[in-house]
Amino acid sequence: MTAIYLDHAATTPVHPDVIQAMTAVLAEDFGNPSSVHSFGRKARQHLDQARAIAAQSLHAGERDIIFTSGGTEANNMAITGAAFANQEKGKHVITTKIEHHAVLHTINNLEQQGFEISYLDVDETGQITVEQVQEALREDTILVSIMMVNNETGVIQPIAAIGEILHDHQAYFHTDAVQAYGILPIDINILQVDLLTVSSHKINGPKGLGFLYSNKEVTLEPIQYGGEQERKRRPGTENVAGIVGFAKAIELVQREQASCFTAYQQYRDQFVQELEQQGVNFLINGKQDQSVPSIINISFPGTNVESLLMNFDLSGVAASSGSACTAGSVDPSHVLSAMFSPENERTNNSIRFSFGLANDLDNIKEAAGKVAAIVNRLTK
Amino acid sequence: MKDNKDTRVVVGMSGGVDSSVTALLLKQQGYDVVGIFMKNWDDTDENGVCTATEDFDDVIRVCNQIGIPYYGVNFEKQYWDKVFTYFLDEYKAGRTPNPDVMCNKEIKFKAFLEHALSLGADYVATGHYAQVRREGDHVEMLRGVDENKDQTYFLNQLSEDVLRKVMFPLGHLPKAEVRRIAKENNLATADKKDSTGICFIGERNFKEFLSEYLPAQPGKIMTLDGIEKGTHDGLMYYTIGQRQGLGIGGPGGPWFVVGKNLADNILYVGAEYHNDALYSEGLVADALNWINEQPAEPFHCTAKFRYRQKDHGVMVYPNPDGTVKVVFDNPERAITPGQAIVFYQDEVCLGGGTINDVLKNDQPISYVG
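The listed protein sequences derive, respectively, from chains A and B. The letter at position 76 of the first sequence is residue 76 when you use my numbering, and the numbering goes up by one with no holes. The letter at position 61 of the second sequence is residue 61 when you use my numbering, and the numbering goes up by one with no holes.
The set of hints was computed from the structure by calculation and includes no laboratory data. Be a bit skeptical, because a hint or two may be false.
To be verified - Distance ranges between label pairs, derived from CB positions:
1) Ala3/A <-> Glu160/B: 35 to 41 Å
2) Glu276/A <-> Lys5/B: 34 to 40 Å
3) Arg204/B <-> Asn109/A: 27 to 33 Å
4) Gln78/B <-> Asn109/A: 30 to 36 Å
5) Gly302/A <-> Glu54/B: 31 to 37 Å
6) Ala287/B <-> Thr379/A: 55 to 61 Å
7) Glu276/A <-> Gln78/B: 31 to 37 Å
8) Pro69/B <-> Glu256/A: 30 to 36 Å
9) Pro69/B <-> Gly302/A: 44 to 50 Å
10) Asn109/A <-> Arg333/B: 38 to 44 Å
11) Gln45/A <-> Pro69/B: 42 to 48 Å
Because the structure is a prediction, the values reported are computed rather than measured. Even for Gly, the Cβ is constructed at its ideal location relative to N, Cα and C.
Kindly generate the complete structure, drawing on both the sequences and the hints.
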């Protein structure tokens, strides 16, 4: 039995071209980009090319790209860095209750350090409104951090519109674009964001890599010390092979964005259609016409997350609930809790399916059939 | 009969050596084995580390060694409602509960069994030292071969229907052999210490733990003749027959707990281990479970009144209301209300119940119940 992977929002298979690009660098170009010799220069060349590719993908400048160890580090750097560097201008920060924990826990930490935080609520649509941001905004707000696409529901947040109202405000605008990047076109000039987070392993690149876009006006307090790399903002010898792989992955998603978007729409439609045809009782969470097609979050009334996930896995379908686990058991999702309440049945019977490179129409249909059979067995 | 490879067995894994070897043996026998860790209690230590996380890490290591899938499942709510609430209620009533019996009845062989069946399991298995004997449709529970480890005492509330879906792969093995198998196969848990005490209390001080949940009411310690001997910290901290922790010395001792008066908050003590007040001739038990047939007529069998005790001969008299009167062949010491009484016919465990009244001259002893 070959298991079918429907958990691309958790991580993605590495693209063969990425493996090839990385292998070549690992085998041949081991130099340290900071070294003053030919080996170093070769490595530096790889690094500069990768940085150019990352910058172009956002219509940004090369100096605005800081390579990191992943999305979590980029989020920490953006939030902690910007808050501490700008605390003399105010100590108020705005975020939402549906952020990834890499943002939410970083901001919780700011709160413990004396910053004042506004956590915006969401309703059942799973979408923040511009008006909420407007209302929460104060003169002493120094940072607004709102994700571009929610990792559990796929709901797209109105980043450009929020960017517009923040345009003439002192607050820096950070967006965690980990789930959006590669699926939606991103132009930082249109979005008007100051800080933006991207992760490599969500776009078929290697794990342990990401970047933070930080426009040149933003002052960031470093969260690490020890070298001149990344303009002192991220010291430590660069993971050159990984960065090359990441850049290759960026090129690939840029090139295939439109066709992937269409393919994922087909997958999503096919998946939902198959469930309907099998008579499955289900509800889709979040505003569907405002979602990316790569993520769908489905509630199955009369079931529970733990039983569903184990059954899916045992029958060869890999999905997730999109939320944290303690000692192997699933905690209720904070995103669905914010949308429906922690006690709501929907918060405890919903599964996230996310599509990507490992899928085609055939295995989507097969997976949906297995999901339908399990849900029907458990509920009928 | 299905082939072993088509027979799914879901193993309840605690991260200990017994359940690790259970999973290993089943895998070696060719079953379709799935390991599941139950998180029944939210226990975070002073460093913010949840002990369940460490145990689950051990489950992961062992399952990867064996080559079986593993999951975790959360029964904290069920455990609180069905086991912990009972545990506190019994202490409040001045009795000595047995949460392990309740955990087996309500969690491991109910909530967990149901969960396993929802995963298409044919059987659940645990690392208990007990045996299941299947003869056609007739299923019995036998003691574990290792006399010192036999756990049927804790399993007395299982029904024949439940046992039909249960495997105890360690029941025919001595504990030393289980350790040996674990070592031979380099299982990550081979040298892990056996857990002791009640699972949710762990290594902590029992008194301290209980005081977090129940208000302690200090009172007088007295002899049955009404002589004051000191003060106790709260009746719930003491159990019948206990010697340690009374804090009374002086002439006439050593002193043992012989009873409690809940209404007046008095702890009764008596001198000497074999104090006559500690001895009784029978008991009444309720919450009876008969694994196979419910007896209609009086019969003779053996019984245990606490874990790891030797068997004692008893006559069992079924009452019309489903309770039983038990009359001991010889007087018994320190029979404790709230504890389980478990009946055996040779190697077969017949079932058991909860000790309610303790009898002398066919009358309940007022100072015990």
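Evaluated hints:
1. Judged by the Cβ atoms, the range 35 to 41 Å given for Ala3/A and Glu160/B holds: they are separated by roughly 38 Å.
2. A hinted range of 34 to 40 Å holds for the C-beta pair Glu276/A and Lys5/B, which are about 35 Å apart.
3. With their beta carbons about 30 Å apart, Arg204/B and Asn109/A fall inside the hinted range of 27 to 33 Å.
4. For Gln78/B and Asn109/A, the Cβ-Cβ distance of about 34 Å falls inside the hinted range of 30 to 36 Å, so the restraint holds.
5. Our hint of 31 to 37 Å for Gly302/A and Glu54/B holds, since their Cβ atoms are close to 34 Å apart.
6. At roughly 34 Å, the beta carbons of Ala287/B and Thr379/A sit outside the given window of 55 to 61 Å.
7. For Glu276/A paired with Gln78/B, a C-beta distance near 34 Å keeps the hint of 31 to 37 Å intact.
8. In this structure the supplied range 30 to 36 Å holds for Pro69/B paired with Glu256/A, their Cβ-Cβ distance being about 34 Å.
9. Separated by about 25 Å at the C-beta atoms, Pro69/B and Gly302/A break the suggested range of 44 to 50 Å.
10. Between Asn109/A and Arg333/B the beta carbon distance is about 59 Å. The supplied range of 38 to 44 Å is therefore violated.
11. Distance hint check: the CB atoms of Gln45/A and Pro69/B are about 46 Å apart, consistent with the given range 42 to 48 Å.
Of the numbered hints given earlier, the model fails hints 6, 9 and 10; all others are met.
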